[in-house]
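Participant: This is what each chain is made of:
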Amino acid sequence: MMVINIGLSLLLGSIFLVSSIPKLRHPKGFVFTVLNYRVLPPSLSTVYALVVPSLECFIGLCLLMGALVCVDGGIIALLLTSYLIAVSVNMARGRALECNCFGALKRRHIGWGLVIQDSVLLLLALAVSITSSDGLGLASWSLFRLAGLASAQSVFPLFICIGLILSSMLFFFIVSREKRKKFFPTRIY
Amino acid sequence: MTGFWLASYIGLWVIVIVLILVLVGILQQLGLLQRQVGQSRTGPTQADEVPSSAQDGPGIGSLLPDLRLESVNGFGTLTLWESTNTTLLLFMSPMCEGCQKIVDPLNEFIDSRGYTGRAVVILRGDDPACQAFLRVFPLHVPVIQDRDSLITQEFAVHYSPFGLLYDAAGSLRSKRVVVRNDDLSTLLADAMERPNALPVK
Chain E
74 MMVINIGLSL
84 LLGSIFLVSS
94 IPKLRHPKGF
104 VFTVLNYRVL
114 PPSLSTVYAL
124 VVPSLECFIG
134 LCLLMGALVC
144 VDGGIIALLL
154 TSYLIAVSVN
164 MARGRALECN
174 CFGALKRRHI
184 GWGLVIQDSV
194 LLLLALAVSI
204 TSSDGLGLAS
214 WSLFRLAGLA
224 SAQSVFPLFI
234 CIGLILSSML
244 FFFIVSREKR
254 KKFFPTRIY
Chain Z
23 MTGFWLASYI
33 GLWVIVIVLI
43 LVLVGILQQL
53 GLLQRQVGQS
63 RTGPTQADEV
73 PSSAQDGPGI
83 GSLLPDLRLE
93 SVNGFGTLTL
103 WESTNTTLLL
113 FMSPMCEGCQ
123 KIVDPLNEFI
133 DSRGYTGRAV
143 VILRGDDPAC
153 QAFLRVFPLH
163 VPVIQDRDSL
173 ITQEFAVHYS
183 PFGLLYDAAG
193 SLRSKRVVVR
203 NDDLSTLLAD
213 AMERPNALPV
223 K
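For the protein sequence lines, the chains are E and Z, in the order given.
Residue 74 is where the first sequence starts when you use my numbering, and the numbers rise one by one after that.
Residue 23 is where the second sequence starts when you use my numbering, and the numbers rise one by one after that.
Heads up, a few of these hints could be off.
Unchecked claim - Ranges of calculated distance between the beta carbons of each label pair, as one might list FRET restraints: (1) K101/E to I48/Z: 21 to 31 Å; (2) E104/Z to E171/E: 27 to 37 Å; (3) W103/Z to S240/E: 46 to 56 Å; (4) W27/Z to S155/E: 31 to 41 Å.
Unchecked claim - Which chain E residues face chain Z? A few, computed with CB under 10 Å, are given here: (5) I94; (6) H99; (7) V107; (8) E171; (9) L216; (10) S240.
The set of hints was computed from the structure by calculation and includes no laboratory data.
Just so it is clear, the structure is predicted and the values come from calculations on it, not from any experiment.
Note that CB positions come from ideal geometry on N, CA and C, so glycine has one too.
Based on the sequences and whatever the hints tell you, model everything.
Facilitator: Written out as structure tokens, the structure is:
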């Protein structure tokens, strides 16, 4: 059971960490994407779009570090449920939106493939929560515990996660100020 | 020993984060390469010609149509051709990331760099997408919504963001895909320096 928990935690952690980076790099683009989905009112959409990338990054890092694994699985399940609702509503409306799941890294339109993918990830997130036996503390397989750097209830790894997120946001902010930024054209029809 | 473990684990995490960033960068470059190769196979414009965009848009010297269009961001009705000044037509699409990134530089050019000509953005997309775009990326120039792609097709523009610069006589003087800030500044600087120049090329 522990092997499954470790494998799924590392898999989901990597996916969410990678998907959060383009959103943190181009936050306004993600705000536009959420507004364009037209599921939440505009003010709530903006709040959602500003919170989700940091949350994805935090959860991804926590899962990779083995911190709060049970809670992380639950939060990922909630996030994926919200994505599934947004995608389903717009599919029902017949709109051909870009998913923007991984920002500019991978462009794809919403459709049944995306619904199946998110549903599988949702099941994996629930499996992570269910197979976790360490409650709110550090998982027994966490490198911090194995190295003797932190106890089961230590919050030290959480501060590392928060520090890494704040550093990444600062880094992306500085990079976005770069004047000679290259814009790649998009074929429009 | 604890200090050694701490240093080694912090070092390892730094390496992991750096490797993730490198991986993201490589994947992004691969995706962009794939997109450009795809365009060169299927599109009328070759990928290596995209920056100069000689084949896209109307021919140099062609005249700006005398169209009256309604802006969607409070600038009222406007006529595309005005005989008094240069006109920059910028074609954008809400979901194109390059268009999103060019809004701030464009506003900056218009607000602070003394461009005295007209700039008009043609935004191709449906109502919700255009409204969301203008909410997140407010433009300081008139925006014409191109709901059915009629204007975009009239001007034979296949890429966005794409700029067309017309002189005061209404002739197309230069055109280009706006790939970087320099492209925008080149277009606008040309308009500022030679507002009444004859078409080149």
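Participant: Would the stated hint for L216/E survive a check requiring a Cβ distance to chain Z of less than 10 Å?
Facilitator: With Cβ-Cβ at 6 Å, under 10 Å, it holds.
Participant: Is 31 to 41 Å respected by the C-beta to C-beta distance linking W27/Z and S155/E?
Facilitator: holds, 39 Å
Participant: Quick check on the hint: H99/E CB to chain Z CB, less than 10 Å?
Facilitator: Cβ of H99/E sits 7 Å from chain Z, so the hint holds.
Participant: So, S240/E near chain Z? Judge it on the closest CB pair being under 10 Å.
Facilitator: holds, 9 Å
Participant: Once the shortest beta carbon distance from I94/E to chain Z is found, is it less than 10 Å?
Facilitator: This hint holds: I94/E lies near chain Z, its Cβ roughly 5 Å from the closest one there, short of 10 Å.
Participant: Verify the CB-CB distance for E104/Z and E171/E against the hinted window 27 to 37 Å.
Facilitator: The hint (27 to 37 Å, Cβ to Cβ) holds, given that E104/Z and E171/E are roughly 36 Å apart.
Participant: Under 10 Å is the threshold here; is the Cβ of V107/E close enough to any Cβ of chain Z for the hint to stand?
Facilitator: This hint holds: V107/E lies near chain Z, its Cβ roughly 9 Å from the closest one there, short of 10 Å.
Participant: At a threshold of 10 Å, is the proposed contact between E171/E and chain Z supported by beta-carbon distances?
Facilitator: Cβ of E171/E sits 5 Å from chain Z, so the hint holds.
Participant: Using the C-beta atoms of K101/E and I48/Z, is the stated range 21 to 31 Å upheld?
Facilitator: Hint holds: Cβ distance 25 Å, inside 21 to 31 Å.
Participant: Is 46 to 56 Å respected by the C-beta to C-beta distance linking W103/Z and S240/E?
Facilitator: holds, 51 Å
In this structure, none of the earlier numbered hints is contradicted; all agree with it.
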